[in-house]
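> Protein chains in written order, with my numbering: chain A, 1 to 122; chain B, 123 to 1148.
Please note that a few of the clues may not be correct.
Unchecked claim - Cross-link-like lysine to aspartate or glutamate pairs, in silico, EDC-like; alpha carbons within 16 Å at most:
{"hint": "1", "chain 1": "B", "residue 1": "Lys-152", "chain 2": "B", "residue 2": "Asp-229"}
{"hint": "2", "chain 1": "A", "residue 1": "Lys-121", "chain 2": "B", "residue 2": "Glu-474"}
{"hint": "3", "chain 1": "A", "residue 1": "Lys-109", "chain 2": "B", "residue 2": "Asp-274"}
Unchecked claim - Quick look at which bits of chain B chain A covers, simulated, 3 or more residues with Cβ under 8 Å:
{"hint": "4", "region": "268 to 275"}
{"hint": "5", "region": "301 to 313"}
{"hint": "6", "region": "1120 to 1134"}
These aren't lab readings, by the way, just hints derived from the structure by calculation.
Since the structure is predicted, the reported quantities are computational estimates derived from the model, not experimental observations.
We put the CB at the ideal spot given by N, CA and C, even for glycine.
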Amino acid sequence: MGLPVSHILLATGFLLVLIGMWGMLKHRNILRIIIGFSLIDTGLHIVMVATGYVTGHTAPIIDKALGIGDATSRAVDPIPAALVVTAIVIGFSVTAVMLAFAIRVYDAKKSLSIDALTESKW
Amino acid sequence: MVEAVLQPLNIFLLGLGGGFLIPLLYKIAKPLPAIAFVAALVGIAAISGINLWALHNGQPTIEILTAGSTPPFSINLRFGLWEGVFTFSVNVAALLGAWHLWGRLRDSYAALLLYLILVMGINGMVMTRDLFNLFVFLEIVSIATYGLLGLDRGAAALAASFKYIMATVLASTFFLLGSVLLYHVTGTLNIDEMIARRDLIAGPIGVTALLLVLSCLVIELKPFPANGWGLDVYEAAPSGVSALISGGVSAGVFFALLKLLPLFENHLGIIAISGGVSFLFSNLIGLKQTNVQRMLGYSSVAQMGLLMLALALLDKLGAEASLPLVVGGLFVNHLFAKAGLFWLAGAVGRSEISAWPAIAGRPLVLLVMALLLVAISGLPPFPGFWAKWELVMQLSRGQQYAWILVILAGSLLEAAYMFSWFKQATRSVPNQTPVRPALRALLPATISVVVLAVSGYLAANIAGVASLWLFAPLCIGGLLYALDWLPGRVKCTMMLLAVLFVGNWIIGDLQGLNRLFAVLLLTCGLVVASAGLYRNDARPGYFPLMAVLLLSIAALLRSSTSLEFFFSWELITLSSYFLIAQGRNAHPHALPFLLFSLVSAFSLLAGFALATAANGTTALVAFGSASGPVAEAAFIFLALGFLIKAGAIGAHVWLPGAYAEADDDLSAMLSSVVSKVAIFGLFIVTYLAIRSETGLELAHVMGWIGLLTTVAGAVMAFQQNDMKRLLAYSSMSQLGYIITAIALMSHLGWVTALYLVANHLMVKGILFLAVAGIILRTGTRMLEANDRLWRKMPLTFATVVIALISMSGLPPLAGFGGKWLLLSAMVEKGWYGLAAIGVLATFIGFLYMFRLAHAVFFGPARPERTTIQEAPLQLLLPQLVLVLAILALSFLPKLFMEPVSQAIDPYFASTLVWEGMSLETIYGYWNPMPVLAASTAAAALLFALAWLIYRRARHHGTSLDLGRFYNFYQAVLAPVVLPVADAFWNGVSRLVIDAAGSVRRLYTGNGQTYLLYVLYYVVAIYVAAI
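Sequences are here, hints too, so could you generate the full structure?
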């Protein structure tokens, strides 16, 4: 198989991003919109990890299998992975805030439709 | 130790530490979180302020390393002058904002925590030098904003917040993807290294990555039209939160753009266009707004657009040296003016603009509002003014004329909706429940004004013109305002003394034309202003503004650079606007006055910018040596500006209302003194036209404009039944003569112009003051309502007769000399057509002036009104002084002509336009008898003709009924005075407002539509960049 795992990951990630965008634009229910955002976010995380991948290299964990000397030549780039961790935390909190707003919107309007949120315009 | 405490990293310690401590402290005791919050916020502000001060005094930029290693292995931050200015301004604004929001913050420790984290996040966005860290701070700011938006649980606020979240999460997703891909191609997240390796950012991945980051930043700055989510939040959120988003969050994002700008050097055009479109369209739609906060939101979006535009264009033109003044000035101006307005809106608590008459009787609220509006409109003395000036100068130097147009058009629209808001606030409506905001609630907005004033002075320093005499008008105005609680007459006396002494000091040892104008305008200004003593009411704010007005005129005449000139010009405009706005029925007329004045000012700005680019200097003397096509264009713009301000035909629509509805003694000042400032301007710009043949052609056009103004003014004056409107149109008509005289561009023409200026100065002073006396005694402005006043007010009658004779050009008074000189000068130049029109205009002028005297002093007797007395001495004295001046001008003309001739000579000595003929020779020609006979005969002939036509048409016998005679001619002339100009300008304004109405339909209020716009915008940026 000539297809590197990073390409599969990239394709999957971007596909998820696109599905998420479609979901955010298509669905009227704000819970589904939030799910759309989560898909975008998850897809993005996969893409991020994929960008750090170097074909044939191993996880950047220094242990018996990977000595310090080999780290630069045999390990994949650890930075994207580190960034993803932060991004996941941020994405999690943003999702939580969105869900909290969804609850309050439902309390105020007894509806979860985005079409109901048009008090301000023009 | 002290150094360790002041280390900028402590900002984050205070923000995060304080933030996490707050919930803990809440568990311990109720008041503790609030105390910790205040301590942390004050600490953050203090650290940024003290470090900024140290940097200002020469300390080197503070580079902050973290985690014990150097970048790129760890995150680093920077605190330089730019960072200092941004963080300190935002932190001070955050303190004021916390004061404003205290009612909401106090009760909820979560809100305190979020607020602190938000402020810390903005500081981080400004200081960090790591791209991913920037993303983290962006998200911290966003999440804290979402939290604060949740403070208001109203349905509208929640709905708006959700739309805001949808759009911003998408934008930050793009940022995240972009920065990871940038890391992928450059191998670093450190911004400085990335900039150093920006050559690596190529190929599809690199470019896409860069554009994604750019898109996120642009989207976060809320560009038109992908900004509906931002506008909805500005409208629905609590005013304090809106202020924070508009000033603080935008500041963080804008600074991110500023520091990443070297990466975007190939995309500066996109940034500029995005900013320009936002500035123009948001200000357009602002016209149609009825909700205060939404309107302020449009203005916020527009100001951010202007900042983007300025940043990108200056960078493109290589004018980085101007960045501190332009970008710094615009930023501080926007931050404090806009936040101040949001806070003010919150303190007043009226969401609909139409409900703002509620503050009509609150002088302090109105003052704060007025100053903030002046600031946001980019008018002096605030930083926005200096920034816009510098920006326009640089754009003109770089020949970016279209951008100048965008900036000026947008600024005009912005001033239009901002001041129509003010118009609502000054409208007194019966049965309105007044709002009395507590002093405490007004504090943040008031402090904003102070901060703006101080930074305005600093900006003037950077612009290099912060001299005491230039700011003296404002200082004196401020001082007098502090004493505004005194009785009216005391204040009037103080104002007169201040103007006398400070004015004298300002004009100092001026020479030539400037001295002549300075002496004339200041003396006459003092005489007319002394009439203010006739009223004994308090007139809050009137006298300080009058002092600003008169002293600004003095400062304008002292100006040696176009910047000083323009600064004083704008102060004159503003002080007269606020003075007019105090008139009881003036509020519908004050706004057109201001808008036309601003069009005039912007036209001047464009003209000065062109002239500066052509001359290479802002010095006004350089006008004497400018040449080439740019100088001609400059002349057109400058002349246009001055003509609009002089009320020339076509742009005269603002004039009658403003003059008629201003306070009675103010009308005298406006017509006699203030209008002459525009005339002075025409004098100084005509040097530009002297230089070339086409310039002289343009002067000929100006001559026609002048005389058409005269005729139109005279015909319209003839139609009036209101004394003040009649005099207003008469003023327009007389200024037309002066314009024509200046346009002659010859020595004789200029002597004539100055002669006419002096004559009109005195005549209109007398007439308006006399009318003030009549209105005071009879209580009416209508011509018909008056009776045989010559018996009851003999002195007023005498002064009016003298003034009318002098104005109408009848011998032997000064007006005759002026008309005679004008006709001679036109004939000398070969402008026969104009000379003939001049004679006709004189005749019509004679008719309406005779009518004025006749109707007021010889109307039908009304025996029931026996109590009418002569006007008070305070009004009569200035009139008598002016009468003496007219007599002196008439019978000892050399007294005046000598200095006039001397003042003009140097300007023409170097030109070939007019050579020979000294003034002595002109007087040698002056043999008044034949001219007198001829003109009297012509006048008699025309009158006989008019009478004949009247009799033929009406078959009325021979009884001398002047009233019917005038009625007949009013009817005959009515078709001539179709309000074409009014219809035209009304049409223009309707068109603009309708356009605003159509464009704003884009904002459907649907969150998904907004999201789609955001996506389209990103795609558009991508397509534009590829």
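> Confirm or reject each hint.
Here is what the structure says about each hint:
1. B:Lys-152 <-> B:Asp-229: Since the Cα atoms of B:Lys-152 and B:Asp-229 sit roughly 9 Å apart, the hinted pair holds (cutoff 16 Å).
2. A:Lys-121 <-> B:Glu-474: holds (15 Å)
3. A:Lys-109 <-> B:Asp-274: holds (14 Å)
4. 268 to 275: holds (count 4)
5. 301 to 313: holds (count 5)
6. 1120 to 1134: holds (count 10)
In the structure shown, no violation is registered for any of the earlier numbered hints.
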